[in-house]
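First to last, the protein sequences are chains A and B. The working numbering puts the first sequence at residues 1 to 284. The working numbering puts the second sequence at residues 1001 to 1386.
For the record, the hints were derived by calculation from the structure and aren't laboratory data. There may be inaccurate statements among the hints.
As the list claims (entries may be wrong) - Quick look at which bits of chain B chain A covers, simulated, 3 or more residues with Cβ under 8 angstroms:
{"#": "1", "segment": "1092-1101"}
{"#": "2", "segment": "1117-1129"}
{"#": "3", "segment": "1253-1260"}
{"#": "4", "segment": "1370-1383"}
Said to hold, decoys possible - Computed far set for chain A versus chain B, every beta-carbon distance over 12 angstroms:
{"#": "5", "residue": "Phe31"}
{"#": "6", "residue": "Ile80"}
{"#": "7", "residue": "Tyr82"}
{"#": "8", "residue": "Arg97"}
{"#": "9", "residue": "Ile105"}
{"#": "10", "residue": "Asp238"}
{"#": "11", "residue": "Leu239"}
{"#": "12", "residue": "Ala265"}
Built from N, CA and C at the ideal position, the CB exists for glycine as well.
If you want the building blocks of each chain, they are given just below.
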Amino acid sequence: MQRQTLKTWLFLAPAGAWFLCMLVLPLVVVFVFSFGERGAAGGYVPAFTFDNFLNLGARWAAFKNTLTLAPTGTLICLLIAYPLAYFLALKTSPRWRTLLLILVIVPFWTSILIRSYAWIYLLGGQGIPSLLNALGLGNPRLINTPFAVLVGIVYGYLPLMVFPIYVALERLDKRLLEASSDLGSPPWRSFLQVTLPLSMPGVATGCMLVFILLMGEFLIPAMLGGGKVFFIGNALVDLFLQSRNWAFGSAVAVALVLVMLVTVAAYLRLTRRWAGGRDDVSLM
Amino acid sequence: MTDRNDFLSREKFMAELWRYKKGSVTRRHFLGVTGLGVAAGVLGTAMPGLRSAAHAQGSIGDRVVVASWPNYHDPANFDAFSSETGAAVDLNVFGSNEEMLAKLQAGGSGWDVFVPTNYTITTYVEEDLIEPLDLSLLPNYDPASFDPRFADAGTVNGVVYAVPRNWGTTGFVVNTANLGGLPKPTTWKEFWDMTKAEFSGRTMVHDYQLTTIGNALKYFGYSFNSIDPAELAEAEKLLLEVKPHLFGITSDYQPSMRSGDAWMSIAWTGDGLQLHRDMPEIDYVLGKEGGELWSDFFAIPKGAPHRDAAYALINYLLAPDVNAKEVMFHGYPVADARVNTILPAEMLNDPIMYPAAELLDALEFGAAVTLTDPNRAELMARFKSA
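Input sequences plus hints: build the corresponding full structure.
Next comes the structure, spelled out in structure tokens:
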């Protein structure tokens, strides 16, 4: 029994140390900094003040942008990814499936930075807008708008939504669908009552993954929003790398963590209720 | 194709190379037959320039990391430096001095050379972030040939911390093809007013507090360097009014000006010259009210990992012939009289590089206090996140 516990501790030690050094300690530092003050030339000076938190309203627009565009991006990802995952898991032969799955991952082989640059040109005046113009469909401004940022987000994060849903659908016991059909259920009803509920864990996981990453996103808005579509991540980059107000930056970071905790907790409660109180809705 | 004994045909050479690679002949046989051994020997002794300088003077390492500005270096000169010394140049491009300072303050930047602007150097010295320069390692730096107006800021309390690179102005570029009958703007007031009206959605400002806030202050006729809270509040009001009309907030504005997406942007001398050179319809304008006159410097941060390579690179770029090539590439003037004797006359007479005296007189050098003033920093951050 003793040896068993020792063994358990040994196995947990690397992960535990990692967790402590890479997550807990930095968070403690950020928390402590958030009550400090900006140094004369920037940086951090120890202090105990709530001013940084009282000043959070100055970043309201960035919070609002993030809290609108991150859920919208997640939803669009879901609407595109579900049919794609369904098609991959249920409608393709195994031979094609591997190839198609690889095609979903292939974009990850190139840096998102380079792919975002490609989008700058695609969405810029000489790209898609000039094509639309040639077709007589107007000459809309796309680059440096929230729309451009949404396109970039959906493009960048789609694979993260496809895979969890694909796994859930692929594991689906096909005999359930046969049973449903034998009992006289039309396909749309089988889908709504069998396939969809059973794939909910994948949907929940995918949404969670994409949403959490989007809340911290800063690269895509910076590149496709032209500095005009500002996420809270961009506000953080600015506070640490331009105005060098580490204390206020830490307060914004703490606020972001709190907002995420509340949203994710609420989301988990909701999905659990939708899934009929089952406990298998989890992160993978 | 001849097949004489003393001259190897291409086919024969490839056949010998193939035999050598397969291991059928020895290296000595291969070098002897092809003549490469002799050639290498002759070149090595007769032309010491072809041996790597690293060998000659002791190695300076295999790389040098540079932090600088967009469109500010001729890649060909970096390549030449690398092939001469064996040190590859790793260039990082920044949009503001604040960003450079933040990286150095955070520590572990890994830079060997960086290019700070005049008004930042006293702060770097106070914060103990840069090295005093050992001028004996920079034989190409000749203080006497530099115009002190653009060189003095590198010396703090009698110690040389930075040597001059280029100087220039901050004005704006405007694509005159899009004016549609409007007169060409000549003031910062017109710059901001046009942005709110005819040029709505087509103007860019720097992602840089000094120039963006400074030129907004110019709208009201205040000093480019003001830190007066009431004056800054007016500038902020203007910036917030203008923000919905901006195309973007970025210091890398050339791509959007070239593609025609943007029609006007705050700009530095060299970008103005490069754009005008390629697209004559783009003009560079200095606002009549004034604005910024600046000089950039080479400096070495404390704890630079490749210190020897840093000195070697700065010295290389300060050689008048190399410096002249840089100027012809980027279009920023230098304060080095030796370089100006080499530059072509049309460059020395270029009104973008060397503006009229009355326009230059209205300009101000950036002030150190703007770099550290918390209100200017927060104003810029609020403007961007609004």
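Structure-based check of each hint:
| no. | hint | verdict |
| --- | --- | --- |
| 1 | 1092-1101 | holds (count 4) |
| 2 | 1117-1129 | holds (count 3) |
| 3 | 1253-1260 | holds (count 4) |
| 4 | 1370-1383 | holds (count 8) |
| 5 | Phe31 | holds, 19 angstroms |
| 6 | Ile80 | holds, 28 angstroms |
| 7 | Tyr82 | holds, 34 angstroms |
| 8 | Arg97 | holds, 40 angstroms |
| 9 | Ile105 | holds, 30 angstroms |
| 10 | Asp238 | violated, 5 angstroms |
| 11 | Leu239 | violated, 6 angstroms |
| 12 | Ala265 | holds, 27 angstroms |
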